[in-house]
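Visitor: Residue-level listing of the chains:
Number of protein chains: 2
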Amino acid sequence: MEFDQVVKNRRSIRTFARREVPDDVVTDVIGCALHAPSSMNGQPWCFVLVRSPGTKRRLSEIKDKYCPPEKRTYPAGFLEEAPVIVVTCVERARAYDRGLESGVLATGHLLLAAANVGLTGVYLSAYKADTPQVADDIRAVLRLPPNMDPITIVPLGYPGSDPEPKTLRSLDEVVFHEAFGER
Amino acid sequence: MEFDQVVKNRRSIRTFARREVPDDVVTDVIGCALHAPSSMNGQPWCFVLVRSPGTKRRLSEIKDKYCPPEKRTYPAGFLEEAPVIVVTCVERARAYDRGLESGVLATGHLLLAAANVGLTGVYLSAYKADTPQVADDIRAVLRLPPNMDPITIVPLGYPGSDPEPKTLRSLDEVVFHEAFGER
Chain A
1 MEFDQVVKNR RSIRTFARRE VPDDVVTDVI GCALHAPSSM NGQPWCFVLV RSPGTKRRLS
61 EIKDKYCPPE KRTYPAGFLE EAPVIVVTCV ERARAYDRGL ESGVLATGHL LLAAANVGLT
121 GVYLSAYKAD TPQVADDIRA VLRLPPNMDP ITIVPLGYPG SDPEPKTLRS LDEVVFHEAF
181 GER
Chain B
1 MEFDQVVKNR RSIRTFARRE VPDDVVTDVI GCALHAPSSM NGQPWCFVLV RSPGTKRRLS
61 EIKDKYCPPE KRTYPAGFLE EAPVIVVTCV ERARAYDRGL ESGVLATGHL LLAAANVGLT
121 GVYLSAYKAD TPQVADDIRA VLRLPPNMDP ITIVPLGYPG SDPEPKTLRS LDEVVFHEAF
181 GER
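Chains as they are written, first to last, in the working numbering: chain A, 1 to 183; chain B, 1 to 183.
Just so you know, the hints here were simulated from the structure itself, not pulled from any lab data.
It is possible that part of the hints are untrue.
List time: in silico DSS-like cross-link candidates among lysine-lysine, alpha-carbon distance up to 30 angstroms [said to hold, decoys possible]:
(1) A:K166 / A:K65
(2) B:K128 / A:K128
(3) A:K65 / B:K8
(4) B:K71 / B:K8
(5) A:K71 / B:K128
(6) A:K8 / B:K65
(7) A:K8 / A:K166
(8) B:K128 / B:K65
(9) B:K166 / B:K8
(10) B:K166 / B:K128
(11) B:K166 / B:K71
(12) B:K128 / B:K71
(13) B:K65 / B:K166
(14) A:K166 / A:K128
(15) B:K8 / A:K8
(16) A:K166 / B:K8
From chain A, some residues computed to sit far from chain B (all C-beta separations above 10 angstroms) [what the hints assert, rightly or not]:
(17) R14
(18) T15
(19) R18
(20) K65
(21) F78
(22) E81
(23) G118
(24) Q133
(25) V134
(26) D137
(27) H177
The beta carbon of each residue, even a glycine, is placed where N, CA and C say it ideally should be.
Extracted from the complex, chain A is given alone in its bound form (with noise of 0.2 angstroms):
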């Protein structure tokens, strides 16, 4: 697809059809992943694709377990549902002391890629600054050694309905010019 067209396609949704995602094709959208930039070109990142029941409830239930009030009208009982999940892993020592922002950036690629073959994802955080129990809880589910960082869960599928219209802010609100507040 062009470009511009995926950008405009990828969408966050919910529901997903029940249809399965094959492995090739989770795989070429993460072999997209890897061209994400990271710094000091340490590629940190690892992939670990779940399809097993009992692991996506896990990942649910801690998604459930730390979700702060303000973000409690999206529930993650819908990770059941997906196909496939994948959860975005960095390992620290290739990192750079920027684990967090090349693990981002590699799911942002891999969400655009998604998008690019007709699949949905939505992206959902791994760990929580202040809590690092989070991560831990994820470590313990996905057996990562102490110095994986899980950044990411992304669950993919085929759109189960249409995305809710999605209103952007404009550009004249927040492009500035030199300094904050210049047009």
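Dock chain B against chain A, hints included.
Guide: Okay, now just chain B, sitting in the frame of chain A:
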């Protein structure tokens, strides 16, 4: 351009051709960044375009001042040669505690959108978690109010050299199934 081609073409090049980048090209690129996902769809970003030589120099000096020893192989002086610099910031009240992630996702979109129109950009961080002075110094230069957090600094220009070859990690090395280490 086709999405896959954009992803493969995007590279971090630190030398720029002596060719202007008009404002409408930059705002088209930022237009793509507005489509990035953000927590609770808060779209917390704004973008400060810098063309003044004095401001470019001050940003370059801040980057070098706080550069950790292991990254001094990449001095920031090349910022002064970029036709334009985009500083991505996020507004805390719109960010739902995920301002960093939203700013990084917007920057990832911006870098790909730049590649789509033949520009090159380099991802530079505009803050350090353990050194709030970095963000404060950038706030002073760009007259950002205290509720705006600078996240990234991206110089943009037409490439002035070919990129070095880049070797990606293999999918076999970084993809696991159900748990870390399981192929």
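Visitor: So, for every hint listed, does it hold in this structure?
Guide: Okay, the hints, checked on the actual structure:
1. A:K166 / A:K65: With Cα atoms ~28 angstroms apart, A:K166 and A:K65 stay inside 30 angstroms; holds.
2. B:K128 / A:K128: With a Cα-Cα distance of about 17 angstroms, the restraint between B:K128 and A:K128 holds, given a limit of 30 angstroms.
3. A:K65 / B:K8: violated, 39 angstroms
4. B:K71 / B:K8: holds, 25 angstroms
5. A:K71 / B:K128: holds, 27 angstroms
6. A:K8 / B:K65: violated, 39 angstroms
7. A:K8 / A:K166: With Cα atoms ~10 angstroms apart, A:K8 and A:K166 stay inside 30 angstroms; holds.
8. B:K128 / B:K65: Holds, at about 12 angstroms.
9. B:K166 / B:K8: holds, 10 angstroms
10. B:K166 / B:K128: At roughly 27 angstroms apart (the allowed maximum being 30 angstroms), B:K128 and B:K166 satisfy the hint.
11. B:K166 / B:K71: holds, 18 angstroms
12. B:K128 / B:K71: holds, 14 angstroms
13. B:K65 / B:K166: Holds. B:K65 to B:K166 sits at ~28 angstroms (cutoff 30 angstroms).
14. A:K166 / A:K128: holds, 27 angstroms
15. B:K8 / A:K8: Given pair B:K8, A:K8 holds - Cα atoms ~20 angstroms apart, limit 30 angstroms.
16. A:K166 / B:K8: With a Cα-Cα distance of about 29 angstroms, the restraint between A:K166 and B:K8 holds, given a limit of 30 angstroms.
17. R14: At roughly 13 angstroms from the nearest Cβ of chain B, A:R14 sits farther out than 10 angstroms, so the non-interface label holds.
18. T15: holds, 17 angstroms
19. R18: holds, 21 angstroms
20. K65: holds, 16 angstroms
21. F78: Nearest chain B Cβ is 16 angstroms from A:F78, so the label holds.
22. E81: Given a closest Cβ separation of 18 angstroms, the condition holds.
23. G118: Non-interface label on A:G118 holds, nearest chain B Cβ at 12 angstroms vs cutoff 10 angstroms.
24. Q133: holds, 16 angstroms
25. V134: The claim holds: A:V134 sits with its nearest Cβ about 12 angstroms from chain B, beyond 10 angstroms.
26. D137: holds, 14 angstroms
27. H177: violated, 5 angstroms
Checked against the numbered hints listed earlier, the structure breaks hints 3, 6 and 27; every other hint is satisfied.
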